[in-house]
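Protein chains: 2
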Amino acid sequence: MVRLKGFQKLTPIHEALQKFFDQLKIEKLKTVAVPVHQALNRVLAEDIIADEDLPRFDRSAMDGYAVRAEDTFEASQFKPKTLQITEGDEVGEKQAKQVWTGNPILEGANAVIMLENTKRINGKIEVWVPVTPGENVSKRGEDVSKGEVAVKAGTRLKPQHLGLMAALGITEAKVVDKPKIAILATGNELVEIGGKPRENQIFEVNRLILSALCQELGAEPFDLGIATDDVNEISEKLKVGLEKADAIIITGGTSVGASDLVPAAVNSVGKPGVIVHGIAMRPAMPTALAIADKKPIIILSGNPVAAMIGFEVFAKPLICKMLGLEQEFRLVVKAKITRRVSTALGRRNFVRVHVSQCGEEFFAQPVSTLGSGVISTMTKANGYVVVPENREGLEEGEFVTVHLFDSIEVVDEDV
Amino acid sequence: MVRLKGFQKLTPIHEALQKFFDQLKIEKLKTVAVPVHQALNRVLAEDIIADEDLPRFDRSAMDGYAVRAEDTFEASQFKPKTLQITEGDEVGEKQAKQVWTGNPILEGANAVIMLENTKRINGKIEVWVPVTPGENVSKRGEDVSKGEVAVKAGTRLKPQHLGLMAALGITEAKVVDKPKIAILATGNELVEIGGKPRENQIFEVNRLILSALCQELGAEPFDLGIATDDVNEISEKLKVGLEKADAIIITGGTSVGASDLVPAAVNSVGKPGVIVHGIAMRPAMPTALAIADKKPIIILSGNPVAAMIGFEVFAKPLICKMLGLEQEFRLVVKAKITRRVSTALGRRNFVRVHVSQCGEEFFAQPVSTLGSGVISTMTKANGYVVVPENREGLEEGEFVTVHLFDSIEVVDEDV
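Chains as they are written, first to last, in the working numbering: chain A, 4 to 418; chain B, 4 to 418.
Honestly, the hints are just simulated from the structure, not real lab data.
Each hint should be verified, as a subset may be incorrect.
Identical chains share a label here; the pair holds if one copy fits it or two copies do between them.
Stated by the list, open to error - Here are the computed lysine-lysine pairs in the DSBU-like style, where the Cα-Cα straight-line distance is at most 35 Å:
| no. | residue 1 | residue 2 |
| --- | --- | --- |
| 1 | LYS199 | LYS28 |
| 2 | LYS177 | LYS199 |
| 3 | LYS142 | LYS383 |
| 4 | LYS12 | LYS127 |
| 5 | LYS319 | LYS155 |
| 6 | LYS319 | LYS177 |
| 7 | LYS22 | LYS161 |
| 8 | LYS161 | LYS337 |
| 9 | LYS274 | LYS324 |
| 10 | LYS324 | LYS242 |
| 11 | LYS339 | LYS142 |
| 12 | LYS22 | LYS297 |
| 13 | LYS324 | LYS297 |
| 14 | LYS155 | LYS199 |
| 15 | LYS383 | LYS177 |
| 16 | LYS12 | LYS122 |
| 17 | LYS319 | LYS339 |
| 18 | LYS97 | LYS12 |
| 19 | LYS161 | LYS383 |
Values in this document were obtained by computation on a predicted structure and should not be read as measured data.
Use the sequences and the hints to build the structure in full.
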């Protein structure tokens, strides 16, 4: 008989995401050229196709002597083969040419014998161990062959990708432009950091957190400031966001109690407006997803922890899609949960945990939370565990997948 | 009877690190103040001590009514309690004041009853469910209490740390200055990216890779360019590095065969010079560690893959120590190795693998490598497994700890 005020119906996460992305036509961001040394963590816009073989020539993988393998057959410590050292550009029969790692293999040679398997005596070498044709030689094209895709479009460029591009002589990377994400906080109780809060006021922290989260993903935050709880003020700022940015994130004013100011403002600036409001998750239940002027708008809770979880679940996949990221960046670890946790049935629960490594084992200690407003739970935790809608919690000792947002503590170092 | 030319003795990794750090007195880098919105991923130099309680006042954790808990005892759906709504600044006996999440709890009230557990009728509410004192109230200091360390020195600042600092009204973070790492490549065969390699020449890629690795850790690379295989030229560049930077990384010229040019140059610029040369590891065996003018110098293989592994093993812990990082950033995952791998006994082997997640399971597929020069093995892999000195390989199906340097591929999404 208790009437559920608030959200009449909570939408499951997967359904919310599907509705949102079904109605949203994500426009391709423009491609920009940046020097490779500035391309770290950018997303590659076009396949890199090798225009030559890498290595460009057969080269030695060892320090030693380039030889004809046939001349070393049956060599042993007891019956070494003797080869003449040549200084020429070719290796003839029973000749050897000294090479260092990376040196080209000369005409005539087909293998490299390691320095330590030889002995040099008066312009000759004794060979103690036979080599087979191709041994210790990096073949031309072994790394990447001409015409092959060396790095795929949609790859987030790590140091190794930059290295591979550079090895191909590429100086400029064509990357996806950074999506611009406008961020607006709403609420009469909010004061800018550095300001003087009156009694009952609090510092506005969500724009800072969300900007940092955007930056980590390779998006560019655009600050819309703070709006008071006024539909017109919120709408005006949203219009600026729609004009200047590719997407908007708004925090605060989404709980039903605090009246539907933000959804109303969103609905006033463009069609179709709010698509989903109220998600079957905890925290971040009052999250809403909207589209206006073909641009995505994500309305997050004003509560910092709920805003972070809402960002992770909705804004992160959005930004990844905007970037054309082939694969979402996820860092996960399997860990043993150290105590029982109970969660709400029918909601997807995000349980914050602190993972530590002890020897070969990983343990996830649930961080006790009184409310999702407790931001220090996010600094005490380094990851979260997703408890699905059909479960009422986690059992002590259960193995769980932890999604990491900070590094793992090593209690006892393994090898 | 085969004589081991080359390194007379290979030093185990742990011994090499110990020798290096025992002789190296790492000087504290200076502290710099940066605005919090520019402090992402910087390392905090001083403990942040809360100078006030957070929250600064008792506040509502829900939308609902602030009440005296006692007035709700024994309320039920069948026998609701009735309270008078007040608009005043205090909550008296049998009164209720409407509050939204985050609102301060008024004088007199000690609990919040959720909106959905009440019914409003003509300036009064019916309460259907009792609340206990403190229920739905975020107590003052619940998040952080005055005098408590909110964020520890040595923490790498993630979005959540910035949020917590901002909630305390902090606008500027005192962070550790970025250690400046000079990077020099050596070798006659090297050409700048963008240049025109002659036959037998290759593009120099290590400075780009190592600079990016430094940047990822929060260090500032300083480019010393390329030196030819000439002791004087190398020494001159090293002197510039010692003057301008906090540490130097050099690549190339460390294999014994290619003569001891770089070690000789290092020994010429300062005492004690090279401390360890030749490590019992694979790849990256020809790595050397040195100190000159109290500054650390790490000499890495000219081979990009070996240089990356050498950086991971030696330069990363060095940079973390310089930063005063309380905890090294490590991302690891336990995965099942998909096939047998054999490795060299007596060396610590770094086996590159590609980790993918399939349902609840993680699999590590060894990336086949012909030589450590094959840079594409680092783009095909997303992590590595360490095989200790006393093992000859990994068994198929064995569970291993993978150190990740790129994101995990999800073959089949789990919840």
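Worksheet entry | Within, between, both or neither, where LYS319 and LYS339 count as close if Cα-Cα is 35 Å or less | both (27 Å within a copy, 29 Å between copies)
Fill in: Homo-oligomer pair classification [LYS155, LYS319; C-alpha up to 35 Å]
Both ways: LYS319 and LYS155 sit 21 Å apart in one copy and 28 Å across, limit 35 Å.
Discussion item. For LYS142 and LYS383, with the copy left unspecified, which applies at a CA distance of at most 35 Å: within, between, both, or neither?
Written reply: For LYS142 and LYS383, only the inter-copy Cα distance (19 Å) is at most 35 Å; the intra-copy one is 51 Å.
Worksheet entry | Intra/inter-copy verdict for LYS339 and LYS142 if alpha-carbon distance must be at most 35 Å | For LYS339 and LYS142, the Cα distance is within 35 Å only across copies (32 Å; inside one copy 46 Å).
Worksheet item: What label fits LYS161 with LYS383 when the C-alpha limit is 35 Å: within, between, both, or neither?
Response: both (28 Å within a copy, 12 Å between copies)
Discussion item. With identical chains, the pair LYS97 and LYS12 could be close in the same copy or across copies; at 35 Å between alpha carbons, which is it: within, between, both, or neither?
Written reply: Result: close only across copies, 32 Å inter versus 85 Å intra.
Discussion item. As a check of your reading, is LYS177 near LYS199 (CA-CA no more than 35 Å) within one copy, between copies, both or neither?
Written reply: Between copies, since 21 Å is at most 35 Å while 45 Å is not.
Fill in: Intra- versus inter-copy proximity for LYS199 and LYS155 (alpha-carbon distance at most 35 Å)
between (50 Å within a copy, 25 Å between copies)
Practice prompt. Indicate which option fits the pair LYS383, LYS177 if close means a Cα-Cα distance not exceeding 35 Å: within, between, both or neither.
Written response: For LYS383 and LYS177, only the inter-copy Cα distance (20 Å) is at most 35 Å; the intra-copy one is 39 Å.
Worksheet item: Which holds for LYS22 with LYS161 at a C-alpha limit of 35 Å: within a copy, between copies, both or neither?
Response: both (33 Å within a copy, 31 Å between copies)
Practice prompt. Tell me, please, which holds for LYS319 and LYS177 at an alpha-carbon limit of 35 Å: within, between, both or neither?
Written response: both (22 Å within a copy, 29 Å between copies)
Discussion item. Treating 35 Å as the Cα threshold, decide for LYS22 and LYS297: within, between, both or neither.
Written reply: within (14 Å within a copy, 61 Å between copies)
When the structure is compared with the earlier hints, a violation turns up for hint 1 alone.
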